Amino acid sequence: MKLKSILENYVFVLPAVIIFSIFYIIPFIWVFQLGLYEWDGIMPTKIFVGFDNFKEIIFQDKIWWQSMLNAGFITAIALTFQNSLAFLLALACDREIRLKNFYRVIFFIPPVLSEVVVGLVWQWILDGHYGLLNNWLAKVGLAHLAKNWLSDPGTALITVSLVHCWKGFGWGFLILLAGLQTIPRELYEAARVDGANAWDSFKNVTIPLMIPVIILVAILTILGTMQAFVLIIAMTGGGPAYHTQVPVLRILASMRGSSRFGYACAQGISFGVVLMAISFIQYRFSKSSKA
Amino acid sequence: MFKSLFSKLFLFFCVLVSLVFSGCGTNETQNKAVNTITIWHWMTDRQPAFYELAKRYETNTGVKVNFELYAPSDAYSQKVRAAAQGATLPDIFGILGEKRDFSSFIKAGHILDLTPYMEENQGKWKEEFFAKALAVNEFSEGNSYSIKTGIYGVPIDVMAIQMVYNKDLFKELGLDPQNPPKTLEEFLVIGNKIKKANMQGLVSGWGEMWMIDCLANNYAFNIMGKDKVLATIRGDASYNDPDWIKVFNIFKEMRDSGVLASGIVTMVNKTAEQLFANGKAVFAFNGSWCVNVYKGMNPELNYAAMLPPQASDKYPMSIWGGAGSSFLVNARSKNKEEAVKFLRWMTEKEQQSYLAESTKNLPANKNSLKDIPAILAQFANSVEIATHPSVWGISEFPAVIEAFDKGIQSIIIKEKTPEQVAADVQKIKERELAKKKK
Amino acid sequence: MKTSLYYKTKNSATNILIHLLLLSVAVTCIYPLLWMVSSSLKTQEMIFRDTSLIPKVAHFENYYLAWQEGGFGRYFLNSIMYTVLVVVGIIIVASMAAYAFSRFSFPGKNLLFYTFMAAMMIPVPGSFVPLYVLLNKLHLRNTSLGYILCMINVGLSTSIFLLKTFFDKMPKELEDAARIDGCTKFGIWWHVALPLAKPVLAVVVVFNALNVWNEYILALVIFDSKQLMPLQVALMTFQGEFITRYPLLMAGLTIAALPIILAYLFMQKYIVKGVTQGAVVG
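Residue numbers (the working numbering), protein chains in the order written: chain R, 1 to 291; chain X, 1001 to 1438; chain F, 2001 to 2282.
It is worth saying that the hints were derived from the structure and are not from the lab.
Nothing here was measured: the structure is a model prediction, and the numbers come from that model.
Accuracy of the hints is not assured; some may be wrong.
[To be verified] Quick list of in silico lysine-lysine cross-link-like pairs, DSS-like style, CA-CA up to 27 Å: (1) R/100 / F/2269; (2) X/1437 / R/62; (3) R/287 / F/2269; (4) R/55 / X/1438; (5) F/2226 / X/1341.
Using the sequences plus the hints, can you model the full thing?
And the structure:
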């Protein structure tokens, strides 16, 4: 009896495990062991170099770590600005305001739009000489603030980060709004009866109940933003001079530009290790904050 | 309960299975017909012209030619490389990459040696091409890739990368539209005028590094001559040499004079083309394909071609040019002979004229030059003096090229001096040389 | 929240500020969409010269041209087929696995689950090559089934993660009642758990639908025959090697955006209820 039950349990996970093993594990192993070779992706022969690729990544590849820092910066902006904006908008939409459903749909348009359109439109808005933004700044008398947003080394990274936030806040908004809508009104009533003002209710009722949702959004944001690259290619190509370079772009450069397939695989694995470490820390943090 | 669930899942799998068979069917039919040649390409703009050529060939010979388009070029490269691994390459395809990649494909046995076909009948086929176009597909004596000397690909068009300038904007600046700048100094003076007039100067896709590489290399040849440049690549000369510093300095001077358009450092070539086509830039650094692009966006554009303004008169100014796109034959294809026959037909004078006319690109066949538009002819003249990394017989390390190009970007955004960049590049060069020795 | 902050709502200044914030963000969200549609109605020459949102002459024929030249009929259907099948596939496969991870115990359960989680975090660069060779060996390369299975795998980890979290939070009473009534495990899963999970299933649907609908590189690499290509690949034909035919591209992108926006409109009601109850993670 017991055995039959356990076998039944396995049947439930079987399809997932089969598909996963064939289409993820096998390619993963192939890529994983490739990190130990120097190969250009075409030649019939590969050169075994052991851990040299990894050593090069850790000790010599300054650009790799620069790209990690850049990705970290974009992610930090996303975690703060993007998610705060999403939270603010969710708070605003949580009331019984008119057009709530309208906003719910509008705010989800950026995630749905193709990156081609997003890249083109924003490039056009941010263009240094003919862009809408600088045009508008001049009209309101702030012409001295006009910059070459995407090519100026000082502003390129933050500009790219902000466009990413724009594209991504829709998901956060949706999830946070949902979370807000499950908080029972009675709790707020009770707080008000106890003499709490708006800020107190927010601090003592809203925030504690929203922490799990906030953490979920944070995890998804980190995983998503660290791996971002398509928008960056469209807007700056990783430039100027590495200022907006990100890890996935480096991996692509190794594969295509330098034809170093093995090295690219080693980069991928290093990246995975970093992401897993971050996620692990997040997970621990969420566990301790629940307790 | 269980029955209804089971039947639903069963239905689902039936649908999937039927899809398998529908998919399989298409696959088989393609492999059966021996009288079909399959060509994989990435040239979206030329698909209609290719289609037409395929129709004509089938009418003439009864052989069906399937031009299959996979765009954009990045995705095309991935597909070709994956197919190379899976040994499912088509009869004819192209490689978008450098000579190094080309040599790897040859070593892996994917590419047919076309030399016998080119040489037969006293080299009749070979003679039809511009020498420069063929050179890109050739491996010459003593090349550093250890490839047997020979011709391995067929160019189907030719291109040259030069500068163009907007005649109307020249008039606005008070310059003579018939007299473009010939020296770097004249160019920089114009730059000052552009800055004063608050206009945009030179646009080019310098966000895509290879375009920076191209211009920098042109000036390197001009300042120190081809031999010294190749010596540097071989490792016999250093990037810290004053001549190289002069090359880097050119970009500093261009930056300071105001001749570079703002944002050029992150521009993709398509954006540069759009700006020049709409009359928003005075100069552009682009290839001969731009004629077609500009015509599509602004047929009224009043412009002309010019060589990049010379920095020194010790050596001639050089430009990059040669084969635009080339096709290769799969050495393992079952239709090798038919494939070669088709490529021979496709590069004949008549077909090349048709291609040149319908796609506004320069033909690879020297006998097809007669009916091309005037502006294109200006590019054609330059092909004679053009060079190209693929013909030097040696390649620089990718890491060095990247440091070189990004270094120039740093100069333009004022983050590094020419001397600093030279030192950086040389350091990486030495590191790569050391690795190679191991 | 509604009650106490309702008080503040009476303060019209705050109300105005809030609406201002919402509207300004909404404008930035709508603008690209409007630009896309407006560009689709212009000509290649006017697209970058005439910067107004309302074109002087509206070239509606661009839509017809894009549809014809892009061969949209076939590709559109293909994309819909792939999206539907992949989404259905993931819902079945992922929810079964997630349910098992949540409710059952068996040796290796945790190890398996964490392996799925790890897959979310490790990008596999150049995975197209091994997938290509693999599919080739399985004779699934130029087939719909091969593509569908690959795409099911792509969304598997995240979907399992979302679903398991929901199942963890779900009260067990209904399932226990069904078991006492003599329902099999499959029956409980199909008749009790899944219906309750409708909200989070809606999230999984939108998430995966978006991914599959926008995918094109894998399709381009593993498909040879045009019959099987999805819509995104067709869109690429407007992005030429040198010339991008912007009006047609924009028309094509607008057509391509419609189904996914419709799907979202349809699903979003469920999502708000659902993410609430469970993807709320710990």
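Task: 27 Å Cα cutoff - pair residue 55 of chain R, residue 1438 of chain X - done: OK: residue 55 of chain R and residue 1438 of chain X at ~15 Å, within 27 Å.
TODO: Quickly compare the C-alpha distance for residue 287 of chain R and residue 2269 of chain F to 27 Å and report which way the hint goes.
DONE: violated, 30 Å
TODO: Verify the proposed pairing of residue 2226 of chain F with residue 1341 of chain X, using a straight-line Cα cut of 27 Å.
DONE: holds, 26 Å
- [ ] Would you mind confirming whether the straight-line C-alpha gap from residue 100 of chain R to residue 2269 of chain F stays at or under 27 Å?
- [x] holds, 12 Å
Task: Hint consistency between residue 1437 of chain X and residue 62 of chain R [alpha-carbon to alpha-carbon, up to 27 Å] - done: holds, 22 Å
Hint compliance for this structure: hint 3 is the single one not met.
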